[in-house]
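Residue numbers (this note's numbering), protein chains in the order written: chain V, 1 to 865; chain A, 1001 to 1085.
Below, simulated DSBU-like cross-link-like pairs (lysine-lysine); rule was C-alpha separation at most 30 Å, straight line:
1. V:Lys-847 to V:Lys-531
2. V:Lys-757 to A:Lys-1029
3. V:Lys-760 to A:Lys-1029
4. V:Lys-757 to V:Lys-670
5. V:Lys-571 to V:Lys-757
6. V:Lys-419 to V:Lys-407
Just so you know, these hints were derived from the structure itself, not from any lab.
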Amino acid sequence: MRLPPQPGERLDREREVELAFHGATVRGFEGDTIASALFGEGQRVFSRSFKYHRPRGLLCCQGTCPNCMLTVDGTPNVRACVTPVVEGMRIEAQNVRGSLDHDLLAITDRIGGPFTPVGFYYRTMIRPRRLWPLYERFLRSVAGLGEVDKHRGRAQRYDVEHRRTEVLVVGGGSAGREAARRHAAEGRGVVVVETDPARIEAGNGFEVVNGTVLGIFEGGLIPVDAGTLLLRYRASHVVVAAGAVEQPLVFPGNDLVGVVLPEAVRRLVGRWSLRPGERAVVIAADERALDTVELLEQAGTRVAEVVDLQEQRVREIAAEGRSGRLASVELDGRKVACDLLVMSGGRQPAYALLAHAGARVDYDHARGIFVPDDLPDGIEVVGAAGGEVGEASVPAASYNGAAKKDKCFVCVCEDVTDKDMKRAIGEGFDSIELAKRYTTVTMGPCQGKLCHVPSIRLYARENETDEATIGTTTARPPWQPVELGLLAGRPHEPAQRTSIHHRHKELGAKMMWTGTWRRPHSYGDPAGEAKNVHDALGVIDVSTLGKLVVTGTDAAEFLERLYPNRFGDMKPGRIRYGVLNSDAGRIMDDGTIARLSQEEFYVTTTSTGAGAVVEWFEWWNAIWQMDVEIVNVTGALAAVNVAGPNARELMTRLTDLDVSNESFTYLDAKQALVAGVPALLLRIGFVGELGYEIHFPSPFGEHVWDTILERGADLGAKPFGLEPQRILRLEKMHVLVGQDTDSESNVLEASMPWIAKLDKDDFVGKWSLEHVLERGFREQLVGFEMENGVVPLEGGQIVIDGRPGGRVTSARWSDQVGRAIGMAWVPPDLAEENAELTIKVNGLVEKARVRLRPFFDPEGERLRS
Amino acid sequence: MSFLLPCPNCGPRPVDEFSCTGEVTVRPKGSPSLRELTDYLYFRRNVAGVQREWWCHRLGCEAWFTAERDTRTNDVLSVEVPAEQ
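For reference, chain A alone in the conformation it holds in the complex:
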């Protein structure tokens, strides 16, 4: 892994400056069943293709953003800072 990731604030930077918490997941609402809970906590789609992920420019501006990355090629198709509501 030595690809460049375009930080929305800092531009393309080596990927080792970032931390990644994996695919964007949806936190269940209300009181989830055990199955819903384990799905959310432990199961990931793990696609060979484009997926949305959370990244943090840990050794840079420290901002969190989501990126669409092709897991086969490490091409980053888009990055997005979560919009303020």
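With the rest of the complex left out, here is chain V:
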């Protein structure tokens, strides 16, 4: 089936490649594309059209039109004409019921009726409204392109690379190459992006990148599709040498298999040594298209007729086919038999990228094309993209006569006919932007490359105006279709692990995410782990806490302004709990603040809040300009909390420090060697038992952890995870910021009024809190106990008079309390000890009682013991 070797052919005839097309073996050569291999084996129908399921064959052969889109190795919508063959590829047709040659859905092309004109689904399928999902499913199954296999899993890994260059040239044709050489000669760094690597060689002082430019964005950002790699180029100067696109003519049957654009002939013959047809008619608006006559003859195709539109006027063109394949063409009533029709309506400069960058686009009446004008700074255009497309005659808007003939397509991607366009105008869509959305012309896979100019031309004629008045539709990226995976890039799941992480794994911990941190959920027995804290000694890795050191002569004053608490009167070696507020009075984060010396504070934040708190501190200090230094030591320090009645005994074994309750009391902070490691000890009790938080350099994480478990073994020292910690803190009614509070919560309504020292001169959030007091509470955070043992869902509803009146934020079963307990936002009048709540649980309504004091050890005796 191949011609003898042609000058410049791309085939390596020594190397055969085998593909599977619907199970059948297809042979091609190295250098073939999928389409050329299939064409070589006699395949002429490559797809079925979007709406009418008409057979479609190769049209542009350069990756523009939708006609050769196939599913390749499970990836839908692969443009076979530009995809090189790879041994063993599995290729399947798409949007077909049956086979490419006998598609059952082709009936839509014949019956038509009310179900196919433009916009029919907006009119006929909207009633009854509840049936729309059904209609939609039906429409999706019968119309469209390939299907994504949702169960396929990740077949490919995509990556993103950020690159810079001084000059980026889009397109490696002759104009692009020349521009690249010119800029390189002037000493600039030049990168040329070209889709076809065979077209251009590197050297001459510039780099060549094989890929497709998707658009030009603000700041000279140019994404380049390089297969599985997205290159994000930044260029200070961009040269657009994107060339021009050969335009189809609009006439009945212009989509029949065998109607092609000139480039298809050039490639079939020149690259792949294939004979495009046996008997051809050429209708050309420019010289370039006429050149294909010689090529055709060289390939052994008989050229039956050549119509040079520059010389000859034609009113009507009508292609006729048998089973969707071209059989003849009628030129002003004269019938010429042919199986190949080469058509060209001249070339339209590929200005889209320039329009992305902000260029204006003007209509050139004389040549019937749109040309870019008024280029923004840093953007240059060369060659055909700028309008150098040579002489051509302006084709008619359509060559459709009065006689009833076959469909006449303006847009092959979306199956939009001239009739559809006229109908849209008749319905009042008088702007091209509206008509585009209604008819979907230019919105298909070619993104208007083949239908933009023809549709505007037709629109102008039907509105009895000119193309300049109609104007263009907005060009938007991507210029070429792109796989979503490429835009999504490699999935980034940054994980932070503490220095004790591997010990948790060895101990069989079930890990969970908290923000970007990996933390032990539990070591298998949350309730047992919680019990061990109450009865003996629990050990938890709290290295994830945000940790900041704030120093400077203004440190105390700085924190006084940021926190509603007071710090000026704090003695070195003491700790206070603090809640950070925004100026709107909303809770942002919480933690402990230890004063290490007169001018040095150690601040902890929530596990997920460290970054935001540092940014917040730095921002206020940029405004206030105080003498304060803020250092984030979150990663540098590990932290372990030991809690339970045996905690003190453990500490006596780990340190020489006097840890008696008299000299190291609740809310004291002391520095000492622990297990030989310099550490800061904070006596605090988030979990409600006597406890010490040990902060020390991260590299000693495993050493300190191991020592604690070893020396505390006879004291019952056992690790506990986040889940038991959540039970324990809930028993104490300790608020978990972000769990019990949201972006609307303030400390007053969150039942922590003692935090806000409203008699201070000023602090961030003070005025808003004063306003909350003035306007009165709208809701309040309270504890509750369920009357039966049911644990409501977090986020569950509190029902008042049959309506939602509050929400549950935390709920757990507590063995210690012997009840299901929780916290909830309720209306202020229900924020009273023992008030009755009704909570929706699994569709039923369950009773609960409000509790305002901690469920466990309300006086905090165990903390202070």
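Following the hints, position chain A against chain V.
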């Protein structure tokens, strides 16, 4: 938004490396009335034109600075590190 923002320390960098807290506002002094407070908290000039904004080079040097940006074109006219008093 893909413009380059000139960080006073690091030079022009892609805007997604920065965080922005919006227009520079003036925090009221003393005890503001409810109207003054809501003006400060919730109302912005939102100009189509040049405005001064707070930016932080979050994924870089972490410095806070103010920038004058034309909201129509994203041209950054000047950047300034708040002066130490």
